[in-house]
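**Q** Listed below, chain by chain, are the residues.
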Amino acid sequence: MAVTVTNKKAVRKPEKKRKLTWAVLKSQQQLIWMSVPLTLYIILFAYVPVWGWTMAFQNYKPARSFSQQDWVGFKQFKFLFTDDDFMRVLRNTLGMSIINLVLGFVTAIVLALLLNEIRKVIWKRTVQTISYLPHFLSWVIVTGIVATSLASDGIVNDLLMKLHLIKEPILWLSEGKYFWGIVGASHVWKEVGWNTIIYLAAMASIDPALYEAAEMDGASRYRKMLHVTLPGIKSTIVILLIMSIGHILDAGFEVQYLLGNGLVVDWAETIDIFVLKYGIAQGNYSLATAGGIFKTVVSVALLLVANWTAKRLGEERLL
Amino acid sequence: MGGRFKPLVRLSILMAMTFSVVLSGCGGSKDNSADNGSSSTGQTATGSSSDGKVEPFNVSVFIGEAGQQPTPDNKIYKKIKDETGATFNFEFLAGDINQKLGVMIAGSDYPDLMTGNTKLTAAGAYIPLEDLIEKYAPNLKKHYEKYWNMMKDPNDGHIYILPNYGVYNGKLNSTWYSGPAFWVQKDVLAEAGYPKVKTLDEYFDLIAKYKAKHPTIDGSPTIGFEILNYDWKNWGLFNPPQHLIGHPNDGGVVVNNGVAEIFADKDYAKQYYQKLNQMNEQGLIDKETFVQNFDQYLAKLSSGTVLGMFDQHWNFQNAENSLITQKKFNRTYVGLPLVYDTSTKDYYRDRAVLNLNNGFGISVNAKDPVKIIKLLDTLITEDWQKTFSWGIEGEDYIVNDQGRFMRTQEQRDKQSDGTWKLANKADALFGNLPKIEGSFSDGNSTDAAAQPEEYKAGLNDYDKKFLEAYGFDSYVDFFSEPPENPIYYPAWSIDLVEGSPAKVANTKLNDLSTKYLPKAVLANPSDFDSVWNEYTSQIHKVDVKAYEDKINEQIKWRIDNWSK
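Line by line, the protein sequences give chains B and G.
By numbering that gives the first Met the number 0, the letter at position 4 of the first sequence is numbered 3, and the numbering carries on one by one without gaps.
By numbering that gives the first Met the number 0, the letter at position 164 of the second sequence is numbered 163, and the numbering carries on one by one without gaps.
Derived from the structure by calculation, the hints contain no laboratory data.
From a predicted model like this one, the values you see are computed outputs, not experimental measurements.
We put the beta carbon where it would ideally sit given N, CA and C, even for glycine.
Do not take every clue at face value.
As the list claims (entries may be wrong) - Simulated crosslink set (DSSO-like; lysine-lysine; CA at most 30 Å straight-line): (1) B:Lys176 <-> G:Lys366; (2) B:Lys60 <-> G:Lys151; (3) G:Lys195 <-> G:Lys366; (4) B:Lys74 <-> G:Lys99; (5) B:Lys176 <-> G:Lys232; (6) B:Lys60 <-> G:Lys326; (7) G:Lys544 <-> B:Lys77; (8) G:Lys78 <-> G:Lys366; (9) G:Lys197 <-> B:Lys166; (10) G:Lys197 <-> G:Lys455; (11) G:Lys78 <-> B:Lys166; (12) B:Lys276 <-> G:Lys197.
What the hints assert, rightly or not - Under 8 Å between C-beta atoms, here's a sample of chain G residues computed to sit facing chain B: (13) Gly94; (14) Asn97; (15) Gly101.
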């Protein structure tokens with residue numbers, strides 16, 4: 000991405016579109032040279048690996064050369080799409096992803112708005128630091144914490160019992176209906192502080208004159224939030240939303256893998272776990288690749304749709 | 000000024016970083032290739048000039064499980080270096096084995112020696128060993144003579160891996176049972192007056208009575224029965240039915256007259272899970288049992304509050320060690336070979352089998368396989384085997400007047416000290432080497448713990464009294480003497496071949512059991528039948544035939560090829 004940006008800047012600098020001539024190239028040669036390593040990087044790590052997609056159409060065996068592989072056409076995709084479990088894991092992936100997306104956006108924006116209203120810098124910094132620290136924990140640790148707090152003698156059950164909301168401990172991790180919620184809540188706990196950073200940055204760039212003007216007009220704090228702050232960060236929200244929609248099939252892997260168990264498997268298995276179980280764990284790298292391709296194609300398609308919608312609505316776009 | 004300057008600085012830092020990554024990548028690989036080159040020339044040179052003189056050489060080793068590096072001055076490795084010239088560079092598994100192997104295979108990046116794995120075999124990572132052994136390794140040839148045909152890979156008939164366990168010589172003394180059983184806390188038996196427990200019903204009765212009498216142990220609520228089903232450790236839930244009808248551990252199948260069939264959907268399986276369902280209704284089964292992970296399971300066992308579980312001994316050994324450290328001897332476990340009714344003979348304990356696909360294989364990247372096979376051939380001799388298992392005479396063990404090996408209490412204590420072992424034992428290597436098991440030619444046991452005098456001397460008072468009450472010499476005596484193994488045994492070691500319909504069916508069956516069995520156990524007793532019927536109808540949708548056919552084909556193959 001960095002490359003395209005620098006390239007564009009280099010070409011756009013003149014006001015009118017200039018023809019690409021040797022003279023132009025020469026005059027911009029420093030810029031072009033600067034972009035070479037990054038372009039190489041992108042080609043090497045983002046485009047060359049796409050060659051590996053050929054594996055999805057083979058019955059790939061390691062240690063055989065390319066010409067020795069069996070070509071099997073769409074067999075791997077057929078296995079994927081005709082498997083009974085696939086629809087289930089797709090549903091789980093989308094379900095958890097959408098929950099994460101919605102919860103993630105709402106909580107991050109709300110927290111950012113609240114933080115933005117805090118006038119005491121020390122207090123604001125403290126809250127911000129505390130809320131984004133969990134981001135640096137790995138999921139292995141987070142799931143350990145979650146499992147311990149949700150155990151029958153864990154803090155969640157203790158609290159609910161003390162508040163007399165429940166009579167006896169609930170085994171949260173043994174009921175499928177709670178699983179998506181638990182995953183969503185863990186995501187919020189872990190990521191909310193981190194996600195606010197970008198909104199806070201966007202809010203910082205809002206012209207203070209707008210607030211002053213609103214104040215002159217007698218706007219309350221709440222009104223200012225609604226009519227100045229939110230519109231001010233709207234473009235940031237839209238861009239982030241488009242980017243997240245592209246990742247909608249990445250509902251995560253570690254959380255579900257580490258928190259899941261036999262009792263909730265119908266709600267816990269995601270595409271990634273399915274691919275691990277039937278692809279990589281079986282030495283069937285072709286199936287794993289086919290799963291990867293499926294995810295990529297869907298992601299690109301969703302990204303384009305979201306981008307197009309944003310364009311139609313007259314919003315900021317990514318592409 | 001800062002405004003202009005910053006983006007430039009940032010860009011240049013970014014570029015510098017990109018470059019350094021690219022460069023370090025290149026540099027690393029260059030170094031490696033240079034290293035390989037030099038070591039290869041070094042090895043061929045020593046190879047040609049060896050014979051008689053000890054010349055140093057390096058062997059890189061991949062161990063497919065987590066472990067700790069021995070200390071640099073480890074006395075056993077030093078002895079190996081002094082006498083054979085070999086220095087070992089170990090790489091232990093960190094993280095997930097499949098992931099690691101995937102990376103190794105993708106890059107054909109193999110060290111000289113690797114522990115056995117079917118994925119590596121399938122990728123052609125090992126060299127065939129039979130000719131090398133015939134030519135250069137008379138001791139190994141003699142060691143494996145009886146097992147030669149079994150070691151051959153069913154797919155192409157070559158020997159790739161040298162099994163690390165299962166080759167027996169002389170009289171086999173066994174004092175420790177590491178396999179599957181229904182385990183019960185010693186105190187439960189002691190309090191009931193040391194009864195002989197044979198059936199599942201008696202077992203749960205004892206547990207129920209004990210739990211009723213002692214609702215808490217050391218202040219924590221008593222847990223009647225634990226069932227571990229976490230990740231690949233699924234036997235606690237899956238395996239009991241086959242043992243309860245008097246069959247040995249064949250994994251997911253029961254073999255009758257050489258014909259295998261799955262047992263998950265059979266009535267005797269239903270009987271077991273129905274019993275669990277009733278026990279759950281009585282509150283004997285831990286509520287969290289299906290939600291817990293392995294660490295939580297071990298923690299519960301280590302606390303001494305768990306009265307019983309079905310497991311393999313080696314799997315919860317750490318928990319038991321912790322109980323011993325806490326001096327809670329009455330909370331440690333006895334394995335019981337339970338059956339449905341007393342007319343069935345128990346078949347939990349089996350004769351050790353050749354540990355196929357485990358042990359070392361030499362990789363295709365090894366520069367001088369001859370040197371390595373000669374080294375392995377040296378290490379299988381009795382003197383070296385004694386050094387590995389007993390240690391160094393005078394330091395780690397003593398020989399008494401009758402020529403029997405013994406240890407003093409101090410030496411015995413050291414053997415359970417992890418830090419001491421890193422400096423004084425070569426366990427990482429020895430665990431995977433071909434080894435003599437049973438007894439040495441002088442009659443001493445190859446394993447210190449199995450030396451009867453040693454075992455007795457090492458027992459604590461509680462266990463001495465406990466065994467006396469039963470009139471047994473060791474806890475192994477709770478099990479029936481195992482009959483001769485069927486030739487194909489065990490079916491669980493059959494390689495289903497990665498990615499085959501049989502393997503996919505096996506994965507599906509495991510998925511179904513993981514999903515439905517907990518449901519069935521936790522169900523309201525009146526709903527049990529409906530959950531069970533749903534489970535079996537789901538099983539019948541799976542390509543069970545592919546799975547059974549593959550196993551039967553391999554059983555037949557083993558009978559044809561392994562018979563003498």
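**Q** For each hint, tell me whether it holds in the structure or not.
**A** Going down the list of hints, with the structure as the test:
1. Straight-line distance between C-alpha atoms of Lys176 (chain B) and Lys366 (chain G) comes to about 57 Å, which puts the hinted pair past the 30 Å bound.
2. Distance hint between Lys60 (chain B) and Lys151 (chain G) is fulfilled; the C-alpha atoms sit about 22 Å from each other, no more than 30 Å.
3. Straight-line distance between C-alpha atoms of Lys195 (chain G) and Lys366 (chain G) comes to about 58 Å, which puts the hinted pair past the 30 Å bound.
4. Note on Lys74 (chain B) and Lys99 (chain G): the hinted pairing holds, with a Cα-Cα distance of about 27 Å set against a maximum of 30 Å.
5. In summary, the hint linking Lys176 (chain B) to Lys232 (chain G) is supported, as the alpha carbons are separated by about 26 Å, within the 30 Å threshold.
6. Straight-line distance between C-alpha atoms of Lys60 (chain B) and Lys326 (chain G) comes to about 53 Å, which puts the hinted pair past the 30 Å bound.
7. In summary, the hint linking Lys544 (chain G) to Lys77 (chain B) is supported, as the alpha carbons are separated by about 21 Å, within the 30 Å threshold.
8. Our distance criterion of 30 Å between C-alpha atoms is met by Lys78 (chain G) and Lys366 (chain G), whose separation comes to about 24 Å.
9. Taking the CA atoms of Lys197 (chain G) and Lys166 (chain B), the gap is about 40 Å. The hint is violated against a cut of 30 Å.
10. Restraint check: the Cα-Cα separation between Lys197 (chain G) and Lys455 (chain G) comes to about 26 Å, which is no more than 30 Å; the hinted pair holds.
11. This hinted pair does not check out: Lys78 (chain G) and Lys166 (chain B) have alpha carbons roughly 66 Å apart, beyond 30 Å.
12. Using a Cα cut-off of 30 Å, the hinted pair Lys276 (chain B) and Lys197 (chain G) is violated, with the two alpha carbons roughly 39 Å apart.
13. A distance limit of 8 Å between C-beta atoms decides the matter here; for Gly94 (chain G) the minimum to chain B is near 11 Å, and the interface restraint is violated.
14. Interface hint at Asn97 (chain G): satisfied, since its Cβ lies 6 Å from the closest Cβ of chain B, which is below the 8 Å cut-off.
15. The criterion of a C-beta within 8 Å of any C-beta in chain B is met by Gly101 (chain G), whose closest approach is roughly 7 Å, and the hint holds.
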